[in-house]
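Visitor: Once you have looked at the hints, place chain H on chain W.
From first to last, the protein sequence lines stand for chains W and H. Each step along the first sequence adds one to the number in the working numbering, with nothing skipped, and position 61 is 61. Each step along the second sequence adds one to the number in the working numbering, with nothing skipped, and position 94 is 94.
Hints were generated in silico from the structure; no laboratory data involved. Mixed in with the good hints, there may be bad ones.
Negatives, chain H to chain W, calculated, CB over 12 Å [to be verified]:
1) Q14
2) Y16
3) R17
4) Q19
5) T21
6) S22
7) S65
8) W66
9) T102
10) Y104
11) G107
12) L109
Listed next, the stretches of chain W that the computed footprint assigns to chain H, with coverage defined by at least 3 CB atoms under 8 Å from CB atoms of chain H [said to hold, decoys possible]:
13) 30-37
14) 43-54
15) 82-95
16) 116-126
A virtual CB, placed ideally from N, CA and C, is assigned to each residue, including glycine.
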Amino acid sequence: MDNLRTPLSRVRLWGSAREGTNTFIAQRLTAIALVPLLLWFVAVVIFLIVKADYVTFVSWIRSSWNTELLILLILVSFHHAHAGLHEVVEDYVHNEIIKAITMVSMKFLVIGIAVASVLAVLQIALGG
Amino acid sequence: MITAHKQPLSPHLQIYRPQLTSMMSILHRATGVFLSLGTLVMAYWLIAAAKGPEAYQQAQSLLGSWVGLLLLFGWSFSLFYHLCNGIRHLFWDAGLGTDIKTAYTTGKLVWVVTFILTALTWLLAFSMTGGG
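The following block holds chain W by itself, in its conformation from the complex (with noise of 0.2 Å):
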C-alpha cells in the first residue's frame, strides 16, 4: 500500500493515510454495538438509576454483567464519539496544522477520558 503513496505525501504526513475502508467500518460497527448497549443502558437508569441510593448503585455496578457491559458501553461509546467529531473536524476544519493540532488533542482528550472511566468502574467493582 505504501508504495502507491508519492514520498513528497508520505514525507509531508498531509493526504490519504489509506485506511478510510478501516475507519468507515469501524464507525459502523460501534453505531451497531450501541443500539443494544445504548437501550440496556437507559433502562437502567430510568428502573434503578433515578431513585438509587449509593449502596443500591454500587451493588449493581459490582454484578459482573453490568461492570462489562458497563465498561463495553464506555470503550464503544468513546471510539464512537471520536470517529464522528475526527469526521467533523476533517470537513470543517481547513487549516491543516489547526486540523493537526485539534484531532491530535481530541484523541488524547478522548483516551484520557474514556480509561479514567473504565478506571472508575473498575475501582467501584473491585473496590472493598
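Guide: Chain H only, in chain W's frame:
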C-alpha cells in the same frame, strides 16, 4: 505543491430551500457532537461514584437540578434521534431505502419514534420517582 485551483463549486447551503432530508442530516451531526459532550458527564458521574457516597450524591443532585434535568432531556432526545437516524444510515450503507420516497418516509418515521421514546423515557423515569 498544493495549488489553489479556481474550480467551479457546487451550490452550497444558502442556495437550497431547507428540506426534511438535509435538515435531518445536519441534526444527525449536531446531536452527535452534543452527545459527545454527554460522554464527559457520564465520565464525571462514574468518577464521582468511585470517589464515594458524598461525591456520588453531589453528582446525583447536580443532575437532578433543573439545569441538570434540562440537559438530560436534551441528551435523551439527541440519543434517541441519533440512534433512530443512525439505524436509517446503516440501511443506506447496506444500499437499502435510498430512493427519495423511502428516504422521506423513514425520515418521518425517525421523528415519530424519537418523540415516542423520549416521552416514554421521561414518563417512566418520573413514575419511578413518584413525580419527584
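Visitor: Look at each hint and say if it fits the structure.
Guide: Each hint tested on the structure:
For H/Q14, the shortest C-beta to C-beta distance to chain W comes to about 16 Å, beyond the 12 Å cut-off, and the non-interface label holds. Residue-level check passed: H/Y16 sits 17 Å from the nearest beta carbon of chain W, beyond 12 Å. Interface exclusion of H/R17 from chain W stands, the closest Cβ pair being 22 Å apart, more than 12 Å. For H/Q19, the condition that its CB be more than 12 Å from all CB atoms of chain W holds, with the nearest at approximately 20 Å.
H/T21, annotated as away from the interface, keeps every beta carbon of chain W farther than 12 Å; the closest lies near 18 Å. H/S22, annotated as away from the interface, keeps every beta carbon of chain W farther than 12 Å; the closest lies near 15 Å. Non-interface call for H/S65 relative to chain W: holds, since the shortest CB-CB distance, roughly 14 Å, exceeds 12 Å. The claim that H/W66 lies off the interface holds: its Cβ sits roughly 15 Å from the closest Cβ of chain W, which is beyond the 12 Å cut-off.
No Cβ of chain W comes within 12 Å of the Cβ of H/T102; the nearest lies about 20 Å off, and the non-interface call holds. At roughly 22 Å, the least C-beta separation between H/Y104 and chain W is larger than 12 Å, which holds for a residue marked as non-interface. Interface exclusion of H/G107 from chain W stands, the closest Cβ pair being 18 Å apart, more than 12 Å. For H/L109, the condition that its CB be more than 12 Å from all CB atoms of chain W holds, with the nearest at approximately 16 Å.
For the segment 30-37 of chain W, the stated coverage by chain H holds: 4 residues have a C-beta nearer than 8 Å to a C-beta of that chain, and at least 3 were required. With a threshold of 8 Å between beta carbons, the proposed coverage of the segment 43-54 of chain W by chain H holds, since 6 of its residues qualify and at least three are required. Here the segment 82-95 of chain W counts 3 residues with a CB under 8 Å from a CB of chain H, which clears the bar of 3, and the coverage holds. Coverage of the segment 116-126 of chain W by chain H holds [criterion: at least 3 residues with CB-CB distance below 8 Å; count 7].
Going down the numbered hints, you'll see the structure goes against none, and every one checks out.
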